[in-house]
Structures are given as C-alpha cells and as structure tokens.
Amino acid sequence: MSKLIGWLAALIVAAPAVAGTMFRLEIGPPIAAGTGNPVTKQLKKNVVLVVRPLVCDNVAAVQITGTAEGLVNGVRQSVALSLIPVNEAQGVYAVQQQWSGIGHWVLQLNGTCPSPKASASTLVPMNGSTFIREKTKVLGEPATREQLEALLKE
Amino acid sequence: MFTRHVHDVLPRYCDGELSAGERQGVDAHLATCARCRASLEEIQFSANVVRQLKVISAPPSVWNGIDAALSAPTRHRSLAFAPRWAFACIAVLVVAGAAYWVTRDMGPKPWEVSRVNDGGTRRMAAGEWVDTGGGSTARIIVGELGTVDVAPQTRVRLGQVSQSEYRLHLDRGTISAEINAPPRLFIVDTPASAVVDLGCAYTVTVGGDGAGELRMTKGWSSLEWKGRESLVPAGAMCRTRPGSGPGTPYFEDASAALKRAVDDFDAGTNRSQALDVIVREARVRDTLTLWHLLSRVDEPDRMRVYERIAEFEPPPAGATRDQILALDADALRRWREELAWKW
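One line per chain: the protein sequences are A and B, in this order. Each residue of the first sequence is one higher than the one before, counting from 696 in the working numbering. Each residue of the second sequence is one higher than the one before, counting from 960 in the working numbering.
Rather than coming from a laboratory, the hints here were simulated on the basis of the structure. All the pointers check out, no bait thrown in.
Partner residues are not named here, just some residues of chain A that face chain B (Cβ under 10 Å, in silico):
(1) Ala727
(2) Ala728
(3) Val742
(4) Val745
(5) Ser824
(6) Thr825
Ideal placement from N, C-alpha and C gives every residue a C-beta, glycine not left out.
Just need the whole structure built from these sequences, with the hints factored in.
Following this line, the structure appears as structure tokens:
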C-alpha cells in the first residue's frame, strides 16, 4: 500500500514537469504575436487568439488545424477554421472569428509534430469573441470526443 | 471668466488668435451655452463659404462703367446709375444665396454623429462638441474605421481628421470605441493621457478631475503621455491621472489585493508595501503588471520584480538578466512578447 502511495506521489510530482517538456499547442491573445507584427497589424481586431507549437524539433513543419465546435439552440455545429500564418518560422497562426456570435463554442486546435512524432490538441472555450483562459485544456494528445463535449456542456 | 456670452471673441477664437487661457474660457462657456455654440457654427460655416469663393477679375465693361460714372457730373451720375447698381446688388445677393444652398453641406464636416434618442444624423466639423449632458446618448461614425458610442453625461470634442489620423478629445464621461483600423490611426485624447488604438474595442471613462480609466474588451491599446506608455490587452484595465499619466495595467480578474496594491503603488502610497503585495499576489497572467513595473520601480526593487517574473517565464534567448535589469528596450520587448503568451 505504501509503495502504491509512493508511486502515486511520484506521478503527481512528475506530471507537471513532463507536461512542460511534451509537444503541445499554446494559445495567447493577439498581442502575443508581437505589437509590431505586420500580419496582426493588418488583421486588426478580428483576431481572437494566436496559437503556436512548443517542444518540437522543427516548429515550422508542425501542421495545425482547427474546428469551432458549437452548441447553438441545442443543435451541434462544426465549422472548419481557416488559420492565418503570422510567423511561419515559429509556426504561429492567428484565428479570426469564423463562427456565429450566438450559442456556446469551443475551439479545437490540433497539431502534429513530425519529429519527434507527436500529436496534441488544445480545447479553447469561448465567451463571444474572447477565449476563456482558465477553462482552456492543453493536451499532449489528440482530444477525445468526450473531452470536447464535456467542455461544450460546461 | 466668460460667464457672459462670447459672441464678440468667436471670430478670433476660430482664427486661433486667443491665448490659451482665453480659449479655455471660451471652451468652458461654449460647453454650457447653446446660443454661443450656434453662433460659432454660423461663423465656421461662413468662413467655409468664403474659403470656397473664387477670386475673379472684373470684366472691362465694369471698369469702363466705373470710369464713366466718376467722370460724369454728380447729379446726373446718381440718377443714371441707380438702376444698374440696384441690379448689381440683387445679382450679388442671388449668387451669394445660391452659393449658400450649394455649399451648405459641402464644408469640411468629416464626422457623422447620430443621436440615439431622436434617430437624427448630422455631419459635424472638427472642433465641434458632442455633448450628451441631457442624459441622451450618441454614436460617432469614425469614417469607415468603426464607431464610438457616447454614454450619457459625456462631452467629446471632435478633432482633426486626416489620412493618417482620426482624433477625439474626451473631456468627461464615457465612450466605447470599436475600431477596425491600422494601429495608431485612431486616437482619443483625455486630460491625462492619449489612448492610442492598436486595433481593438475598449471603453474609456474620464471623471470630473480629469482622471480616467481604460478597459479593453478586444485587441490591445496603449496609453501614452510624455514618453510614458502602458500597454493594455483585452481583459485588462489601466488608470490614468493628470500630471502623472498612465498607471500600471492589470487584468480585471486579478485578486482584489493586487488591484488595490497597484492603485496604491501608482498613487505613491506606501510603494514598498504595495510592491510586496503585488509580487506575492501575482499569477502567471499578472506578469503584465510585473513587466510594466520593471521600469517603474526604484533600482533596488527591480531585482525582486525580475525574479518573480522569471519564476513564471525566464527571459527568452537574446534577452539576458543584465540587459533587462539595465532596462534595455530590445530585451524588455523580447521578454514581453514571450510573456504575452500567458496573458
């Protein structure tokens, strides 16, 4: 029993450290792309967030895709997101609002790192055109349907 | 000063010939006197009409007539030319009247303002005031850039418009701006700072003492005053005070203790104790506040602010500790751009 508790304690201590070293997608406000960035200057206020890959040998080669998953008047909707390259060398992309202003929406961002081979997702609950940082889930693996639906219902 | 009507000085006011003190007095009177504001509009309109009149030479026949009139006996001249002069005067009046009707809506009135109460919309010129003192509200259309909603009990002076700048002056009250324009194209002056739009939506409030606060809802803006700058991203707010300019920004979801401590620090009240609270209460997102404090704390305190930020996110490649402690602008910018991913 004490051995099991020891293993659990080690796991709890190690988890955050491992999380910091695994491939993942980080999101930030538009200002994170830099106040002088010509693309964010051009896109102006319509950018709701920017996203970048972390812990990948070649961040420029990371493939990032996304969908906006919505629950509007009780009906599920899914909108493929068009991501705008902001800094391709750093793998930074901007997301503009491409979903309706009504209902409950969660953005699902997926990324694939070629080396070391890894996939990751970040689930971003939205409040209108503002992302909710505290409820955002940064995952070191592709998000499951259950994780997405749970967030949508929160 | 200027408790009486100011009609007499309005021409000099329009021509910019008044001293700063006189101008301030006229502004104050205009704010409360609809009659003088109407006079000012008439003078501005007349000046615009005059500016648009072309200078043309009189035809030779006019000069010949004048010569003939001068050389003729006085008694005979007055009788012979009376109908012609009358006709000429009528012609001038007709032309002037026509010019008035043609040009009355063509003056430089780049601002479009709609009163929400009556639904009416009118064009307004730079220098005119939008005053919702009666409890009404208004909407200012900023060209094709966006809109500014003017809350009740608010006074806004419409500023100059050019290809590179749209400017409003918020004297008191609250405005909410939603602007979709290249950065630095739209600026709101307040008594204590200028809000420089960097692509965003926000609310600015100015109190009777000239102090103000900026709350960002989208994008980000900067508050600027005499070289001092505060960057305010969505979700954050920043106060500004006359004489000291923009304060330190903080996120509105920060702890109450941190927010109170930032206000104390900016007001110069127990700064050291206030800094203790800020450093202790700061979350990773509050590196927004800590980053601004790096250049605002006294040198002995800079290290502990640096160390607190570095606990959350060390400086990125290309920005060293020594550079940051020396307030190297490029190193500070690099670190801020890295920290902003957590904001």
